[in-house]
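Protein chains: 2
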Amino acid sequence: MTLIEKPAETNIYLNDLIARRYSPRAFDPNKSIEHDKLLSILEAARWAASSSNLQPWRFIVAPKENETEFNKILSVIKEGNIPWAKNAGVLMIGVINKYRRPDVLNRHASHDLGAAIGQMVLQALEHDIYVRQMGGFFPDKAREVYNIPEEFEAYTAIAFGYKTSDLSHLTDAHREREMAQRERQPMESFVFNGDWEQTADFLK
Amino acid sequence: MTLIEKPAETNIYLNDLIARRYSPRAFDPNKSIEHDKLLSILEAARWAASSSNLQPWRFIVAPKENETEFNKILSVIKEGNIPWAKNAGVLMIGVINKYRRPDVLNRHASHDLGAAIGQMVLQALEHDIYVRQMGGFFPDKAREVYNIPEEFEAYTAIAFGYKTSDLSHLTDAHREREMAQRERQPMESFVFNGDWEQTADFLK
Numbered sequence: 001m002t003l004i005e006k007p008a009e010t011n012i013y014l015n016d017l018i019a020r021r022y023s024p025r026a027f028d029p030n031k032s033i034e035h036d037k038l039l040s041i042l043e044a045a046r047w048a049a050s051s052s053n054l055q056p057w058r059f060i061v062a063p064k065e066n067e068t069e070f071n072k073i074l075s076v077i078k079e080g081n082i083p084w085a086k087n088a089g090v091l092m093i094g095v096i097n098k099y100r101r102p103d104v105l106n107r108h109a110s111h112d113l114g115a116a117i118g119q120m121v122l123q124a125l126e127h128d129i130y131v132r133q134m135g136g137f138f139p140d141k142a143r144e145v146y147n148i149p150e151e152f153e154a155y156t157a158i159a160f161g162y163k164t165s166d167l168s169h170l171t172d173a174h175r176e177r178e179m180a181q182r183e184r185q186p187m188e189s190f191v192f193n194g195d196w197e198q199t200a201d202f203l204k
Numbered sequence: 001m002t003l004i005e006k007p008a009e010t011n012i013y014l015n016d017l018i019a020r021r022y023s024p025r026a027f028d029p030n031k032s033i034e035h036d037k038l039l040s041i042l043e044a045a046r047w048a049a050s051s052s053n054l055q056p057w058r059f060i061v062a063p064k065e066n067e068t069e070f071n072k073i074l075s076v077i078k079e080g081n082i083p084w085a086k087n088a089g090v091l092m093i094g095v096i097n098k099y100r101r102p103d104v105l106n107r108h109a110s111h112d113l114g115a116a117i118g119q120m121v122l123q124a125l126e127h128d129i130y131v132r133q134m135g136g137f138f139p140d141k142a143r144e145v146y147n148i149p150e151e152f153e154a155y156t157a158i159a160f161g162y163k164t165s166d167l168s169h170l171t172d173a174h175r176e177r178e179m180a181q182r183e184r185q186p187m188e189s190f191v192f193n194g195d196w197e198q199t200a201d202f203l204k
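From first to last, the protein sequence lines stand for chains C and D. The first sequence: position 44 = 44 (the working numbering), numbered continuously. The second sequence: position 118 = 118 (the working numbering), numbered continuously.
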C-alpha cells in the first residue's frame, strides 16, 4: 500500500509544502523522530514573527522514547484522540504567555503561537514529518501536571509523526476521514473589500 | 545599494523561506503586487489548518491600485505605522469569527488566523514579497468602517510589499531597526519537559 497524499485541489500556484500539508491521524507507531529533525522543527518556531518580538510561545515536548514524558502528555489528551495520538513520534503542548507585561494582556499571544506552529508544521513536512493539532485536551489538567503558572495558558496539543499506509489502528470514522478529500470554502467567501462580506473586486 | 537580508542566525537546519522571513518596513512605494501573486498568497491562507476545519479567518484586502480601499485601510492604522505602511503594495485586515456556533466561542480562532497568515507570509516570500504585521491599528474603527458584525473581530493589520534598499523614507528609529540583527530567545528558554521551565532533557 502507498501513503495517502492530499495535495490542495487548486489551479492557483502554491508552494509545494503548503499544498501538501494536511493533518493525518495515520502515524507510524514504529518510527521515532530524529533528534536533528526535532531541533529543526523547534528552530522553525523560534524564528517566527511575534507582536513586539515577545515570543509568547512555550513548548512542552515529549519524544516517544521518553516514555514517562510521552505518557504524561497522553494523560492530558482527550480519550477520542488517544488511539491515533499514541502513535506519534513526538507530542507537544503549546503554551502561551498571556501577558505583555504584568497586568497588560497580550492580545496577540495565541495568534503568534499559531504562526510559530505554522512554521513548525511546514518545517516538519520538509522532513516528511506530518502534524495534527488537537483542541481536544485538558488545559487545566496540563496546568496541574506541569505546574503551569496562572499567567500562562496551555493552548493546543500537537502530534508529530511519520505517516503509515496501515490504517488498521484507526477507528472506522477516523479511517474514513483519513481518506476523505480536503475541503475549503471558496476564496470569494472570505476575501472582502469595500464592505463586510462584499467579495473583493479583484476576484470578480 | 543592495537589499537588506536577515537570514536567521543558526547552525540548525531551516527551510530557506523560514530562515529568510523577517518583517521589514522598507517597502518599495513604486512596486505593485501582481494579481496572480496576490491570489497565490490568499490561496496559501485558504489551505491552512484550523480547529474542526472552521476556517475562522476573513481578510479585507486592498491593493494599492485601488486607492479608495487602500486609503480606507490606512485610515484604521495607527499614525506611527503610516510612514512605512503607505508604501506597501497590498494592505489587509485579518478578521476572526469568534464563534464555533451561536453562543459557543471558538477558543482557537486567533490561533488559526495566525497559522493562516503564517502560510501567507511564507508563500509571499517565495514570490520575493515581504510582510509586516501590525498590532498598531484600531479594531473598533475597522468595525465601523467595514460594518464588521459583533461576532467577528478585526485582529491584525498586514502590509505586503517588495523591499527597497532606499531607507530614506523611514524615521531614524525605524531605519535603525531595519538594519538591526534579528534576535530570539535561546531554545532552552522555551522548550520544556518534566516540569514548567525545566529545559527539555534532549537539549542538554
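It is possible that some hints are incorrect.
Chain copies aren't distinguished; within one or between two, either way the pair holds.
[Stated by the list, open to error] Here are the simulated DSS-like pairs of lysine-lysine, each with C-alpha atoms no more than 25 Å apart in a straight line:
hint: 1; residue 1: 78; residue 2: 204
hint: 2; residue 1: 98; residue 2: 78
hint: 3; residue 1: 37; residue 2: 141
hint: 4; residue 1: 72; residue 2: 204
hint: 5; residue 1: 6; residue 2: 37
In short, the hints are calculated from the structure, not lab data.
Provide an ascending list of the numbers of those earlier hints which the structure does not satisfy.
1, 3
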